[in-house]
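Undergrad: Numbered according to this note's numbering, the sequence shown spans residues 10 to 308.
Possibly wrong hints are sitting among the right ones.
Think about it this way: if two alpha-carbon atoms lie no more than 27 Å apart in a straight line, the pair counts; the simulated DSSO-like pairs of lysine-lysine are [said to hold, decoys possible]: (1) 130 / 151; (2) 199 / 143; (3) 130 / 111; (4) 99 / 111; (5) 130 / 231; (6) 130 / 143; (7) 231 / 217; (8) 95 / 143; (9) 143 / 99; (10) 151 / 111; (11) 143 / 111.
In case anyone wonders, no lab produced these hints; they're calculated from the structure.
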Amino acid sequence: MIAKFCIGCALILILAGCGPNLPPLPPPDMSVAFPENPASPSEPENEVYTLGPEDVLQITVYEHDDLSREVAIAPDGAFAFPLIGKVEAKGLTTAQVEQYMKAELGRDFLVNPQISVTVTKHRNRHVYVLGAVKTPGVYELKHNATLLEVISEAGGVTEEAGWMARLVRASSTNSNNAAGTPPSLDQVSKRPGIQVDLERLFAGEFRKPIPIHNGDTIHVPKGGFVFVTGEVVNPGRYPLGRGLTVDRAIILAGGFTKFAAKKSIRVRRLIEGQPQEFRAQMHNQLQGDDVIHVPESVL
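Please take these sequences and the hints and turn them into a complete structure.
TA: Here it is as structure tokens:
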């Protein structure tokens with residue numbers, strides 16, 4: 010009789026998911042921070058772009074349409090312009106080229122000329138956009154481009170996108186990818202990066218725009234999922250929203266059935282690649298690939 014009683018008690022413990030050694034569910038792995046301002050303080054707020062070969066310039070001389078034109082900087086770093094001749098542009102900013110041309114044209118040809126110089130095509134300046142965006146690929150990097158602008162140029166994120174993006178600076182890699190060739194996801198995953206909360210980015214909540222530099226990679230991973238099994242109305246896979254908790258995941262699964270052991274919920278989580286089980290409370294926060302199991306009540 011005592012033996013049967015002990016076996017019965019053990020069975021109840023197993024069915025209820027309340028094994029004596031089951032630890033409480035720990036918080037999600039937050040080893041990667043989501044900084045208030047993802048732009049590193051050491052980065053320049055306004056990157057100064059200097060001209061070089063293959064840049065294409067639009068030069069406008071106001072009230073002189075015959076002089077206004079588009080020019081390409083030659084491999085030697087210069088371009089030819091009427092009345093002036095050869096203009097050495099390599100290493101200069103557009104403002105410096107404007108000043109030089111204004112002085113040259115004003116010396117013998119025009120009275121107080123007004124000139125505008127803008128870059129219409131930058132030389133070999135690219136940003137790589139990977140993952141859950143509508144048009145992933147290689148994009149020409151415009152001067153002073155921001156993360157929001159580049160994601161928008163890639164068509165925005167897809168419905169499969171998670172709530173964060175990863176920005177990998179070009180300076181963090183020693184890869185020898187050819188210019189314009191995007192890195193592989195495996196290469197990107199091995200480099201240090203900055204995690205950026207997309208919901209906050211799209212809502213304009215960051216104090217400063219996040220600058221993008223030549224050779225940077227933006228990766229928008231697909232959203233994670235959690236799995237809900239056992240005594241819920243609709244067991245299955247559900248998207249991992251930001252801050253998803255056990256109770257909210259169960260609501261997504263349609264709620265408890267009348268047979269649910271509501272106080273005996275357990276979660277299986279991968280810890281360093283190994284599955285482990287924990288006892289869970291309704292307020293516990295979940296992370297990707299968690300499996301929630303709601304056992305059947307034995308009462």
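Undergrad: Given the hint that residue 130 pairs with residue 231, does the C-alpha gap stay at or below 27 Å?
TA: Outside the cut-off at roughly 32 Å; violated.
Undergrad: For residue 130 and residue 151, compute the direct alpha-carbon distance and say whether it is at most 27 Å.
TA: Measuring from Cα to Cα gives roughly 8 Å; hence the hint holds.
Undergrad: Taking only the CA atoms, is the gap from residue 199 to residue 143 under or equal to 27 Å?
TA: Judged against 27 Å, a Cα distance of about 24 Å means the pair holds.
Undergrad: Would the hint linking residue 99 and residue 111 be met if the CA-CA limit is 27 Å?
TA: 18 Å, holds
Undergrad: With the threshold set at 27 Å, check whether the alpha-carbon distance from residue 143 to residue 111 stays at or below it.
TA: Since the Cα atoms of residue 143 and residue 111 sit roughly 44 Å apart, the hinted pair is violated (cutoff 27 Å).
Undergrad: Taken at face value, is the distance from the CA of residue 143 to the CA of residue 95 at most 27 Å?
TA: Distance of about 44 Å is beyond 27 Å: violated.
Undergrad: Sort out whether residue 111 lies within 27 Å of residue 130, counting only the CA atoms.
TA: 22 Å, holds
Undergrad: Against the 27 Å threshold, does the CA-CA distance of residue 151 and residue 111 hold or violate the hint?
TA: 25 Å, holds
Undergrad: Are the Cα atoms of residue 143 and residue 99 separated by 27 Å or less?
TA: 36 Å, violated
Undergrad: Take a quick look at whether residue 130 and residue 143 sit within 27 Å of each other, Cα to Cα.
TA: Distance ~24 Å between residue 130 and residue 143 Cα, so the pair holds.
Undergrad: Taking 27 Å as the top limit, are the C-alpha atoms of residue 231 and residue 217 close enough?
TA: Judged against 27 Å, a Cα distance of about 26 Å means the pair holds.
Hints 5, 8, 9 and 11 from the list above are not met by this structure, while the remaining hints are.
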